[in-house]
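Enquirer: What follows is the residue order along each chain.
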Amino acid sequence: MTSSKIERAALEPMATLTSEEKEANALHPDLLLVEKVKAGDLSAFEQLMRQYDRQIFRIALHITQNREDAEDIVQDTFFKAFQKVNQFQGNSKFYTWLVRIAVNESLMRLRKRRSQKTVSMDDEIQTEEGSIPRDFADWMPNPEQNYNRAELADILRKTIQGLPPGFRTVFALRDIDGLSTEETAQALGLSVPAVKSRLLRARLQLRERLSRYFRVATGEHAQ
Amino acid sequence: MNCTEFLANLADYFDAKTAATLRSELAQHMDGCNHCHVTVNTTRQIIEIYRNNELYELPDSIRTQLHQAVLTKCAELKDNKKKTKA
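Protein chains in written order, with our numbering: chain A, 533 to 755; chain B, 342 to 427.
It should be emphasised that the hints constitute simulated quantities derived from the structure, not laboratory data.
Treat the hints with caution; some may be incorrect.
[Claimed, not checked] Computed list of lysine-lysine pairs in DSS-like fashion (alpha-carbon distance at most 25 Å, straight line):
#1 B:K414 - A:K568
#2 B:K422 - A:K570
#3 A:K616 - B:K424
#4 A:K612 - B:K422
#5 B:K424 - A:K568
Model the full assembly from the supplied sequences, consistent with the hints where possible.
Expert: This is the structure:
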């Protein structure tokens, strides 16, 4: 989906929740805060910001890979959410709605940085070829223990940054942020099968790339 | 079940969303296929490692600045709306 499509879709009501999900959403504490924000309560809005700013920053940074851009996106996302809060009808979780805005803002920012080149969640997504892993080496039981915190963070960052934006965003939302497959699909304006396919390929690509650091040592681990 | 079919169902397998019969087929395939067994184990490790390590921290000082900037803009917007109504 292109960023403009996501932009249009981001603020549209979503009616994809099941009746059980709608019931759970109706009881979600965010909804009370959102109602207060709709009545003009800035402290309620600040509470929502405190709750979700870190996640929005992380998602923006995963997409743009630029810290300054990600900070701007946090600002723009929350301001846009405040401007458009009356359009939020509770058909999705407030956080999922917020993520849709943040993804759209991030894609627009990427497009600007790439000299107006169109940027979408489909960028650099290749065919199904290569889905089957080539590297079958098993990993050490706790491979992360072989690195100090800074080394490990560097490896993880470099590795995820090497994925195409469409893959790393799905992985970040689904596996790091813990959104469900359906919520990830809603947030990105993708179908559930598309999310599953990208998630699989993101995980397999990460696996191949991380294997050089984490595989069972035959001598010493590769650098 | 072959490896491609196994991988196609991997996301649901991790979500524990697969029906009992399919889950049993997946388990059976994994028992006889070291490649898929390793893929499942290492994928599980990837998810855990990424979840347990915060890669992009947002320092409190920056958070405070961001909150203030957003709230200032929101307050201005609210005031402008009030003025327009009046």
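Enquirer: Confirm or reject each hint.
Expert: Now for the hints, and whether the structure bears them out:
1. B:K414 - A:K568: holds, 18 Å
2. B:K422 - A:K570: Cα-Cα ~13 Å, so holds.
3. A:K616 - B:K424: Holds: K616 of chain A and K424 of chain B sit about 19 Å apart, inside 25 Å.
4. A:K612 - B:K422: holds, 15 Å
5. B:K424 - A:K568: Holds - the C-alpha atoms of K568 of chain A and K424 of chain B are around 21 Å apart, at most 25 Å.
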